[in-house]
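Asker: Model the full structure from these sequences, guided by the hints.
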Amino acid sequence: MPFDLDVYLHRIGLETCTPDLAGLRQLQTAQIGAIPFENVLPFLGRVPDLDPESLWRKLVLNRCGGYCFELNSLLGEALVALGFDARQVLARVRMGEAKGGARTHLAFVVTLDGDEWLVDTGFGGQAPAEPVKIAETGQPVRDQVYRVRFEDVSGEHVLERSTEDGWFPLYGFDRVEVRRDDIEASNFLCAASPKQSFSSSMKFYRLREDGFLSFLDGRARHIGSGKKREWQISTYEDLAAFMKEDLGLGYDDADIEAIASRLASMQLSNS
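Residue numbers 1 to 271, in full-length UniProt numbering, belong to the letters of the sequence shown in order.
Using 27 Å as the maximum straight-line C-alpha spacing, the simulated DSSO-like pairs for lysine-lysine come out as follows:
| no. | residue 1 | residue 2 |
| --- | --- | --- |
| 1 | K99 | K133 |
| 2 | K228 | K244 |
| 3 | K203 | K227 |
| 4 | K227 | K244 |
| 5 | K203 | K99 |
| 6 | K244 | K203 |
| 7 | K203 | K228 |
| 8 | K195 | K99 |
Restraint-style ranges between C-beta atoms, simulated for each label pair:
| no. | residue 1 | residue 2 | range |
| --- | --- | --- | --- |
| 9 | T137 | E97 | 15 to 25 Å |
| 10 | L112 | Q267 | 40 to 50 Å |
| 11 | E15 | L112 | 20 to 30 Å |
| 12 | R208 | T16 | 15 to 25 Å |
| 13 | T111 | L44 | 37 to 47 Å |
| 14 | E53 | R25 | 23 to 33 Å |
| 15 | V80 | S200 | 26 to 36 Å |
| 16 | D6 | S269 | 44 to 54 Å |
In short, the hints are calculated from the structure, not lab data. Don't be surprised by glycine CBs; every beta carbon is placed ideally from N, CA and C.
Answerer: Below is the structure:
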């Protein structure tokens, strides 16, 4: 099924989107808010299919979410359809470390009026909700401040978030050409390797107007409006309500039951 821009925009809650900076910001925020970050398939032992038809069916028609290779692949089709000058980059996740490992994250660099912007809908909770200009000056995005600095030693641009302890590196990327086979290999590594967390830990994240919802291995959290709430989800019924009602995900009951069963087994083994 070919990419349908009107259907995609409806899926993320937009009527139109202009090919300029305002439209780019609107696009990234809308997709993060409408299509949650999640790793259901890797957690259940499956490798996500990245062919466009499968992604369209999963993310748009079936109203499921995904992780970076799925979410940003769909975003890439929207960027092309809207006429943006976008280039794929594969990044090394750092999460506070001085350097990253394998290239296991997909994002985009979009060029607008001579400036470059990092665009990403697939990194989850710590990533910016809007594009970040590739520049070393701090840029406020909602209640956070980000920058993208160039690092001579690695030859990478590094996305960083400002914290009380200084700049926290999230991931670094270079400008090596990214091919389809590179993305497929990285996707398989993330989904199937026991050294990656996606096959062993269940994560959800959704941006909302009043803050964000997140979930990690049974522990749910809502942060927004200066308040923080955390609660435990221990039953199939509570998990189904959280996934369907709070996150708006379209997974069937069999998948939700499988997630609940594995989470229960994990909790028993940790007790």
